[in-house]
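S.K.: Chains as they are written, first to last, in my numbering: chain X, 8 to 527; chain Y, 34 to 117.
None of these hints come from the bench; they were simulated from the model. The structure presented is a predicted model; accordingly, all values stated were derived computationally and were not measured. One thing to keep in mind: the hints can contain errors.
Below 25 angstroms or equal to it, Euclidean Cα-Cα: the simulated SDA-like pairs (lysine to any residue) are [unchecked claim]: (1) K136(X) - A59(Y); (2) K136(X) - D302(X); (3) K100(Y) - A129(X); (4) K136(X) - E85(Y); (5) K369(X) - R400(X); (6) K402(X) - Q365(X); (7) K136(X) - S62(Y); (8) K136(X) - T86(Y); (9) K136(X) - L47(Y); (10) K100(Y) - R132(X); (11) K100(Y) - Y127(X); (12) K136(X) - S73(Y); (13) K136(X) - P58(Y); (14) K136(X) - R90(Y); (15) K319(X) - A296(X); (16) K136(X) - T61(Y); (17) K136(X) - R43(Y); (18) K214(X) - M230(X); (19) K136(X) - A108(Y).
Restraint-style ranges between C-beta atoms, simulated for each label pair [stated by the list, open to error]: (20) L33(X) - R45(Y): 22 to 30 angstroms; (21) L15(X) - A55(Y): 55 to 63 angstroms; (22) G187(X) - A55(Y): 39 to 47 angstroms; (23) P147(X) - S62(Y): 42 to 50 angstroms; (24) R90(Y) - R226(X): 58 to 66 angstroms; (25) L33(X) - G101(Y): 45 to 53 angstroms; (26) R309(X) - A97(Y): 42 to 50 angstroms; (27) Q204(X) - P53(Y): 42 to 50 angstroms; (28) R309(X) - G101(Y): 45 to 53 angstroms; (29) G101(Y) - R78(X): 52 to 60 angstroms; (30) A74(X) - D72(Y): 35 to 43 angstroms.
C-beta atoms are modelled at their ideal positions from N, C-alpha and C, and glycine is treated no differently.
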Amino acid sequence: MTAPAEALLWVLVLEDLLAPEGLEGLDEADLDDALSRLLAPLEARVDASTQPTVVAWTAWRPQSAIASARRPSSWSRAARRLEALLYRLAAQRPALHLLDLDAALAADGVEAAFDARNFYAAGCRFSRKGLARLAAAVEPVLQRIAAAPKKVLALDCDGVLWGDVVGEVGVGRILLGGDGLGRAHRDVQRAARRLSQAGTLLALASKNNAADVWEVFDRHPDMALTRDDIAAWRIDWTEKAANLMEMAKDLDLGLDSFVFLDDNPFEREKMRLALPQVTTLEPPADVTAWPGFIDSLDLFARFDSTPEDAAKAQQYRSRAAFADARRGATDETSFLGGLEMEAQSAALDATGLARAEQLAAKTNQYNLRNARHTAAELAALAASPNTIAFLTRLKDRYGDHGAVGLTIARIAGDVAFLDSFLMSCRVLGRHLEAWILSRLAVQLRDRGVRWLFAEFRDSGRNAVAGAVLTAHGFAPWRGADGDARRQALAGLSPIDGELYLVDLDTLIIPHLDLFNAARS
Amino acid sequence: MPPGPDLDSRLRALLQQQFPSATIPAATSLAVGGFPEWDSLGHYNYLLLVEETFDVRFSMEEMAELKGLDQIAAAVASRGREGP
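Kindly produce the complete structure, drawing on both the sequences and the hints.
M.R.: Structure follows, in C-alpha cells:
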C-alpha cells in the first residue's frame, strides 16, 4: 500500500470560531461575511502551500430540537453557510480537502465523541473515542491523495448477489428481492451498481455453471445488475485466483487494482494466499450489513467522479467483451471478420493535435521509433507540404475506440521515411496496422513515392511493432553511401536504429477484407 | 483497599504505550516531568488512556490534581477497578 500523503490537518470546530450568541437577525450575506473573514487564513495557507490541506470541520453543538422545528435555528443556518463556503473554497483549490466530521462522528454518536470536561480541562472538544474516530476518518483521505482508487470489484454470485445456490435450487428459488434476506441481496447488487456508475468495473468470479448464472441475469425480475454492468467474468469450476489473473489480462489491469468479495471464508483465504496483491474484503458475517459495508468502502471512492470515468469504464467493458469473444471463436479470421470493424483516417489538423501528442507520448509497445513529438512539433509536421500525417479511428461492434493510431511520413522525391507509426495497445490483434499501411501506401503513391524507409528503434518493449515491417514486405536495408535513396533519406532524418525498406510496388497488405467500408 | 504492585506495573506499561520512544525510569515515585517526553499535553493523553483502560472517569478536579503514578493508582483503586 502506498504511504499516505503528508498534509496539514486543521480541525475546525465552528463554535471555537463563531460565538453562537448574536447570530439571531444576521442574514445569509452577514453570515457569509463573518465566516469568510474567519476562513481567510485558511485560504491564504492553502494558496501559499504546496502540501495538501485537510480541514476536518464540525458544527455540532448542543441544541434543543424544538428550536429548529419550525425554521432552521440561527446556529443551523451558520453551520450550513460554513459548509457552503468551505466547498466553494475547495472547488477552486485542488489541494484543499474537506472532512465532514459530524458525519464521521455520528458512527459513535456525538455524546461519545465530544467531552466537555476535556474542553474545560485541556481545550480539546473531543473524547478519546472522538479523537480515534477523527484519525480514522482522515486516514483514507490522505491515502487517496497519495494513491489512485481500486478499479475492479470481483464478485462471487451465490451468497453475494443472491442467497442460496442457483445450481441447486434453480432461478425461481434463489433469495433475491421481496422481503428479508432477498431484499438485502438486491441491495448488495444496487450498491455494486452505484460503484459501477461511478466508474468502478464489476467482474464476476463464480464457481457455477455459466448458463445458470446468466439465466438469473436474464430472467430474474429482481436483478438490479444487468449483463451490461459486468466488465469481465469467469464462471466455471477453475480456482478463482487463476480466473482473476485471466480477467486482469482481459482488462489489461494489474491485480493490485482488484478487490474480491466472496461470502465463503475458505475462498477468501485461498485468494489471500494465492494473490496477496488482490484486496480480499472481510465482509460482516450478517448479509443485512453488506449494502452499508459496500457503500462505506474507501477503496473505490474518488474525490471527483467525472464523465470520463464512466466513459473509461465503458472502454474497459468493450475490451473485456472483445477478449471474451475471442476466446470463444475457434477461427481467428472468422472472429475478426465478425467484428464489423470500420477504420477511418483523417489528416492531422488542429483538432487532433492533443490526441496525437498523447499517443506519441504514451504508446510504448506498438511504436516503431518512439519519437515523442510535442504538440508544437506535430503542428509543424502537419503543416509541412512534404509530410503526410494522419490519425486513424476505429469502430467495431464493441464500441468506438476513438483515434488509436498516428502515422507520419516525410517525403523527398520518390523516397519517404516513416517518421511515426504507432497504435494504441487497446486495438492490437485486429490487423489495423495493415489497413493503416494501405492508406499510407495510397497517399504516398499519389505523391509519386516508390521507396518507403522505416526505422526500428528497439526500446525493449516494442518488438511487436518491429514484427509488422517484415510481415508486410519490408526488408533490412544496407544500401551503399552512393545510393541516391540514401542521400534523400539523409535529408529526412538521422538514423540510429535498424533501417528497413520496401518498394511500394511490391508492398504486401493482407487482411484488408476484415474492414467494412474502409474510407480515407 | 490500597493499590497493589500489580496496578503500579500496569500503569507503567500504559506510560510506555503513551510514550513509546521514552526510557521510563525505575524510580518508585514517578510523576509528570519524570522523563523529558512526559509533558502536560502527554500527561493529559495519558490520563485519558488510563480512563479508557480501567473504564473509569476522573473529575475535572482530578484531571488537574493527578500528577503522579501513586495518586493515579489510588484514584483507580478507590473505584474498585484495579483488576484486569
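S.K.: Each hint should be assessed against the structure and marked as holding or not.
M.R.: Status of the hints after comparison with the structure:
1. K136(X) - A59(Y): violated, 31 angstroms
2. K136(X) - D302(X): holds, 23 angstroms
3. K100(Y) - A129(X): Given that 25 angstroms is the threshold and the Cα spacing comes to 15 angstroms, the pair holds.
4. K136(X) - E85(Y): holds, 9 angstroms
5. K369(X) - R400(X): holds, 17 angstroms
6. K402(X) - Q365(X): Holds, at roughly 19 angstroms.
7. K136(X) - S62(Y): violated, 30 angstroms
8. K136(X) - T86(Y): holds, 12 angstroms
9. K136(X) - L47(Y): The hint holds at about 17 angstroms.
10. K100(Y) - R132(X): holds, 22 angstroms
11. K100(Y) - Y127(X): holds, 18 angstroms
12. K136(X) - S73(Y): Distance ~20 angstroms between K136(X) and S73(Y) Cα, so the pair holds.
13. K136(X) - P58(Y): The hint is violated at about 30 angstroms.
14. K136(X) - R90(Y): holds, 14 angstroms
15. K319(X) - A296(X): Roughly 30 angstroms between the alpha carbons, so the hint for K319(X) and A296(X) is violated.
16. K136(X) - T61(Y): violated, 32 angstroms
17. K136(X) - R43(Y): holds, 21 angstroms
18. K214(X) - M230(X): Holds: K214(X) and M230(X) sit about 19 angstroms apart, inside 25 angstroms.
19. K136(X) - A108(Y): Roughly 22 angstroms separates the two Cα atoms, so the pair holds.
20. L33(X) - R45(Y): 22 to 30 angstroms: violated, 54 angstroms
21. L15(X) - A55(Y): 55 to 63 angstroms: violated, 27 angstroms
22. G187(X) - A55(Y): 39 to 47 angstroms: For G187(X) and A55(Y) the Cβ distance comes to about 55 angstroms; the hint is violated.
23. P147(X) - S62(Y): 42 to 50 angstroms: Since the Cβ atoms of P147(X) and S62(Y) sit about 44 angstroms apart, the hinted range of 42 to 50 angstroms holds.
24. R90(Y) - R226(X): 58 to 66 angstroms: holds, 59 angstroms
25. L33(X) - G101(Y): 45 to 53 angstroms: holds, 50 angstroms
26. R309(X) - A97(Y): 42 to 50 angstroms: holds, 47 angstroms
27. Q204(X) - P53(Y): 42 to 50 angstroms: With Cβ atoms ~45 angstroms apart, the hint holds.
28. R309(X) - G101(Y): 45 to 53 angstroms: holds, 51 angstroms
29. G101(Y) - R78(X): 52 to 60 angstroms: The hinted range 52 to 60 angstroms holds for G101(Y) and R78(X), with Cβ atoms some 53 angstroms apart.
30. A74(X) - D72(Y): 35 to 43 angstroms: holds, 41 angstroms
In the structure shown, a violation is registered for the earlier hints numbered 1, 7, 13, 15, 16, 20, 21, 22, in ascending order.
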